[in-house]
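Engineer: So you can see what is in the structure, the chains are spelled out below.
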Amino acid sequence: MLAPGFADPVHDAQGTFRAVMDALARPGRVRPLVADLAPPAPLTPELAAVALTLTDADTPVWLDPALAAAPEVAAYLRFHTGAPLTEDPAEAAFALVREPARCPPLARFAPGTPAYPDTATTLVLALDALTEGEGLHLSGPGIRGTARIAPAPLPDGFVAQLSENRAGFPLGVDLILTAPRHVAGLPRSTTVTEA
Amino acid sequence: MYVAVKGGEAAIDNAHRLLAEARRGDQAVPELSVAQIREQMALLVDRVMTEGSLYDPDLAALALKQARGDVVEAVFLVRAYRTTLPRFGASAPVDTGAMAVERRISATFKDLPGGQVLGPTFDYTHRLVDFALAADTVSEPAAEAEPRADAGTCPRVTDLLAQDGLIEPSPRDDGTPVGDLTREPVDYPADRALRLQALARGDEGFVLGLAYSTQRGYGRTHPFVGEIRVGTVAVEFVPEELGFAVPLGRVRLTECQMVNQFKGSGAAPPQFTRGYGLSFGQSERKAMAMALVDRALRAEELGEPVASPAQDQEFVLAHCDSLQATGFVEHLKLPHYVDFQAELELVRRLRAEFERKSDAVEMQEAAE
Amino acid sequence: MSAAIAQRPESEPGYNFAYLDEGTKRMIRRAILKAIAVPGYQVPFASREMPMPYGWGTGGVQVTAAILGRSDVLKVIDQGADDTTNAVSIRRFFAKTSGVATTTRTAEATVIQTRHRIPETPLTEGQTLVYQVPIPEPLRFLEPRETETRQLHALAEYGAMHVKLYEDISRHGHIATTYAYPVEVAGRYVMDPSPTPKFDNPKMDDCPALQLFGAGRERRIYAVPPYTRVRSLDFEDHPFRVQAFTQPCALCGARGHYLDEVVTDDSGGRMFICSDTDICETRVAEAAR
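Just so you know, the sequences run in chain order Z, S and C.
Using my numbering, read the first sequence as starting at 4 and increasing by one per residue.
Using my numbering, read the second sequence as starting at 45 and increasing by one per residue.
Using my numbering, read the third sequence as starting at 4 and increasing by one per residue.
Among the clues, some could well be false.
Unchecked claim - Capping the alpha-carbon separation at 30 Å, the derived lysine-lysine pairs in DSSO-like fashion look like this: (1) Lys401/S to Lys99/C; (2) Lys154/S to Lys99/C; (3) Lys109/S to Lys377/S; (4) Lys109/S to Lys99/C; (5) Lys167/C to Lys109/S; (6) Lys401/S to Lys154/S.
In case anyone wonders, no lab produced these hints; they're calculated from the structure.
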């Protein structure tokens with residue numbers, strides 16, 4: 004039996020979108036994300052909610068090895084979104100990452116082109132925790148002065164990768180950070196430092 | 045005491061009621077039925093379907109009724125309705141070679157398999173107002189033409205030319221999915237399929253004017269009407285779950301194949317090239333104009349200089365849509381108080397500065 | 004909720020919530036997210052035919068329809084006013100197709116769709132301002148070709164815009180652009196602020212609200228995230244300056260608001276009143292108390 008999608012497709016998708024929009028517009032803020040879904044493991048309700056809200060036949064989706072190893076996840080996403088799955092991260096409009104600590108280098112995803120920077124990949128990470136006010140220092144559009152956020156777990160050298168991603172602006176990937184019942188955003192415009 | 049203008053809501057309601065009244069006109073005159081429009085204003089219905097990108101004669105007739113006969117407004121209604129329709133996919137390409145022909149003429153060959161079929165046409169009529177139509181008269185039935193041995197087989201003229209290699213081959217279907225300009229914004233340069241979509245939806249008057257300009261030297265294409273054919277074709281759809289074609293019905297189309305001279309280039313021998321036009325219903329003027337502009341827009345591909353408006357795809361595609369054009373032109377009716385205020389202030393300031401300067405010059409001259 | 008908010012029970016039967024189908028909303032939502040990630044960059048989107056004409060706010064309407072939720076409170080203004088015909092028409096459209104609450108009070112709105120003005124009441128973090136944009140390309144009148152302007156943005160080659168503004172200065176002694184005055188966003192993209200008078204440009208800078216821009220006919224969406232640097236283009240010797248009105252509003256007495264000039268008779272009579280009807284009415288009501 005396939006797990007159901009949104010109970011209220013119109014309003015649940017709208018609510019998820021607004022949380023994600025707010026998160027990307029205000030990096031460093033952790034937003035509540037109500038994801039009333041029970042997708043097949045290891046897909047988290049938050050990853051599923053973002054996928055159901057934003058992906059469809061026009062958006063190739065890349066699954067990280069942990070998600071790709073579970074055929075029920077692909078079946079669930081295919082049925083509810085119709086999105087084609089891709090094995091090439093550079094082709095992905097969206098990348099769903101269940102094990103952020105083992106996330107491939109950001110440079111392997113699509114950064115967009117100088118004429119069309121909007122064709123870059125959006126990565127959606129399923130973290131264990133997202134804490135506001137500590138950890139990484141953020142500055143840039145959407146942030147009043149500076150902000151702090153502590154996402155965990157992260158791969159080694161992630162901050163260096165993020166600063167490389169920022170250096171390529173307007174090219175670069177955008178990150179939607181999810182944790183149980185929460186979401187935050189790290190668009191390519193954000194400058195991230197450790198201290 | 046001044047009171048700011050109010051009552052936008054009431055004014056709009058009133059305007060809508062006035063519109064309904066004006067649409068109906070004199071109540072003593074019987075109301076038009078949708079069927080009457082569909083049957084007796086058929087060419088207008090065809091135009092609305094073509095530019096509205098939706099084959100539905102009843103809907104187009106209803107739109108014309110609601111729009112008081114305003115074509116662009118009727119196209120608008122049809123397009124806005126089209127947006128709300130679910131999309132199942134693209135049909136299989138229609139085969140115009142297998143068309144049940146009602147009219148078929150060629151200007152390049154005197155006779156040809158299938159023959160010249162005049163069909164219902166204004167061509168060769170004398171444009172004298174027929175006052176008999178003002179009275180309710182019953183028209184005479186049409187004379188039956190002598191049946192021809194080869195009736196029913198109407199190979200396309202361009203296919204006949206292609207047998208001798210005299211015309212460039214028709215582009216092969218290499219399986220590349222055809223873009224859809226209603227679902228993706230046009231990215232320049234646009235390929236021929238997208239250009240043809242834009243021209244088919246484009247305003248007949250605008251496309252006609254562009255086509256005419258190519259005949260007057262603004263991007264000459266040396267055209268001949270290879271063929272115009274009007275008739276019905278079958279539409280088929282291949283549902284994903286079945287994997288074979290299912291017939292959906294028939295649509296009436298007008299197809300125009302223009303044959304254009306081409307002197308050849310370093311890579312290609314001299315041969316004829318093609319311009320293509322296709323429209324819903326019987327819309328010959330539109331199909332011909334479309335074919336001329338299609339050929340003109342191929343200038344770059346064929347190594348010809350791009351110097352005229354009809355050859356410039358950004359110019360043509362960005363301006364041929366009547367809804368985009370009418371919307372933006374007519375939006376000037378909307379209030380622009382705040383921008384005008386900004387300009388008013390600037391012009392007053394510039395005038396004051398101008399007067400100060402000329403005063404200063406006069407004083408200096410007086411002093412000298 | 005105050006009395007100024009009009010609550011409707013349900014949305015129009017037969018249409019999806021906020022008119023657009025879910026597939027179209029998804030496409031627009033993706034464009035909005037990329038627009039936010041690359042401030043000032045114009046994201047192409049497959050604009051749909053809407054039941055109102057191009058040039059009358061179809062871009063703004065599509066953006067609003069894609070973001071709007073049941074708990075939103077919507078305000079629509081045109082020329083700063085809630086009661087201009089086009090504002091009324093768009094507000095009714097959403098009341099009918101989404102059933103969301105509408106308001107004329109800037110402070111009560113969560114989503115404000117606007118044509119040509121930014122409200123005088125300072126915007127807050129809980130708000131999104133949606134602009135209707137006719138020509139999104141700031142370089143369009145210098146270079147009509149999309150293929151060219153796209154390259155100019157890719158290379159951040161904005162010399163022609165500076166030359167144009169400087170030509171104004173050499174001819175008139177100052178920059179003669181009074182509305183749709185170009186801005187630079189977050190130090191990278193030059194952006195058209197839509198035809199707002201340049202009086203409103205400073206309100207875009209470091210604004211707590213999210214600003215979204217929709218151009219339907221031209222099929223572009225762009226954004227300015229909150230707290231983002233928005234700099235009006237200028238020169239060291241000719242700094243950017245906004246319009247100043249010598250007289251206060253004739254109705255509420257406010258100074259420092261953008262004023263509409265109203266012709267009161269045919270012998271040169273003029274009066275100046277706030278273009279933002281909400282703030283003007285609020286001040287008049289407060290003074291009466």
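Engineer: Hints first: check each against the structure and report whether it holds.
Structural biologist: Consistency of the hints with the structure:
no. : hint                 : verdict
1   : Lys401/S to Lys99/C  : violated, 57 Å
2   : Lys154/S to Lys99/C  : violated, 61 Å
3   : Lys109/S to Lys377/S : holds, 24 Å
4   : Lys109/S to Lys99/C  : holds, 25 Å
5   : Lys167/C to Lys109/S : violated, 49 Å
6   : Lys401/S to Lys154/S : violated, 76 Å
In summary, the numbered hints that this structure violates are 1, 2, 5, 6.
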